[in-house]
Amino acid sequence: MKRTLPINRHLTERIGFTAITLMAVLTVLPIVAVVIYIFIQGLPAISLEFLTGFPREGMRAGGILPAIIGTIYLTVGTAIFSVPLGIAAAIYLSEYASDTPLTRTIRIAIINLAGIPSVVYGLFGLGLFVIFLNFGTSILAASLTLSIMTLPVIISTAEESLRSVPQAFRTVSISLGATRWQTIRRIVLKEALPGILTGVILGLERAAGETAPILFTGAAFFLPQLPQSPFDATMALPYHLFVISTQVPEMPIQIQYGTALVLLVFVLTMNLIATVIRSRARAKRQW
Amino acid sequence: MDKIIIEDLSLQYADGTESLRGISLGIREKAVTVLFGPAGGGKSTLLRCLNRLNDLTEVKASSGRILIDGRNILDPKVDVIALRRKVGMVFARPVVLPMSIRQNLTYGLELAGEKRRAKLDEAVERSLKLAAIWDEVKDRLDDPAIALSGGQQQRICLARVLALQPEIILLDEPTSGLDPISTGKVEAALQELKKEYTIILVPHSVQQAGRAADYAAFFLQGELVEYGEGKTLFTTPREKRTEDYITGRFG
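Respectively, the protein sequence lines represent chains A and B.
Oh and the first sequence: position 59 is 320 in the working numbering, straight run, nothing missing.
Oh and the second sequence: position 198 is 202 in the working numbering, straight run, nothing missing.
Just so you know, the hints here were simulated from the structure itself, not pulled from any lab data.
Since this is a predicted model, take the numbers as computed values, not measurements.
Even for Gly, the Cβ is constructed at its ideal location relative to N, Cα and C.
Hints may be right or wrong, so weigh each one.
[Unchecked claim] If you only want the chain A side, here are some residues facing chain B, beta carbon under 7 Å, derived:
#1 Ala280
#2 Ala439
#3 Gln443
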């Protein structure tokens, strides 16, 4: 009797493989489509005046400089609060905390924090920073709100990369007369840094693109000048995009896509930096 | 003279396994003492008590004393950092730190506050020579240590311990992953080193125990079965269990 099974098996494998490849391609397709579409639609709007000028004629002409600067301020402000705090928390969780009910609670809190809708953060920021702490609608309040939103991302990625440093390095370092902190500073942090940085950038990237958390806490509809202090409100790219897309009648569509393009490039650049850091560190890694 | 005196040492890990039961043992200065026996006998645990590396593990209960130069190092007031500089350790798997060969050697000294370049260079050369690896690496001290072979890495680990000028060196199956030639080099280095240092070796085979031991202690399931001079213990053991293990009847 002839067996035909091997051929069938080959065929099955081929069909399966093709299907999987197809799905992989399908997931990339929308991303590529969005980027290309935004580029084609937005590129004509980009000019020196668009990037360095103030909005004119009720934002229907001119540039988006205050929004660009505002987004940079907010991103830096978020970094100032969330990066040290996030890394410190990750070091505590990965290097010092033992498995107790307290640390388990902290971990659960962090995971849940990541799942909260961003508009809820916005409302929380309004209540705590804007009203209760009296920071007003300001860069400070918005940065703090974005920080709280970004913290879970930074903490979990940083903890992950700290944990991926082999335990043997710690044991050896301690056995050579290092303290725990010396071991962390000289070996563990150094090895985990690229991973931590990647997480930081990805977290900040999300913060840079968010609208809801800054809606009530720091974003301004329109400002005739750049913010002068952390207590000033600011324009920001995502909110500006929201405003010109929904709140301004007879808005030239070009400016909307131009703004979207700038925001996209801003975020993609951060992403690219993260990727470069990660791949360079991986090539250099000695374990 | 006894460099280390272990008095009635017992230890139980948090997971319930009892690892050492009432160990009493004197360890001679400037000699190789071998702790041998089947796996799970408590040899590594004992080593890790001697430099308080067990502090990193979850130990449920321990009792007894370990006197080094007459001082009980299990005393909570003991400066463990200073202790670990005095009692160096080489692990079973060579673990070089992710840095250059030179930095691996100077790591411990720099932590101890040594900044003078000349002192550091001198320590690097001296300890690499003692570990019998100087000739193989002297031209590439600034290369990453990970690029070396396993046997070379293990001698780097030994040199790294020697750089701190310890008094006692603990070696936990240091040649278990090495080829016979590298093993020979490490063993030869130990025979040189015992002139200056007190060496405690957990060997990876009975044969190695026999070759290296000035003194030998046979451990079985957390108990010290027999202790004596290497020559005597390996030729005419007092205990039946020791004899059975040495002759390969179990283990």
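**OP:** Would you list, in rising numerical order, the hints stated earlier that this structure does not obey?
**Re:** Violated hint (a single one): 1; every other hint is consistent with the structure.
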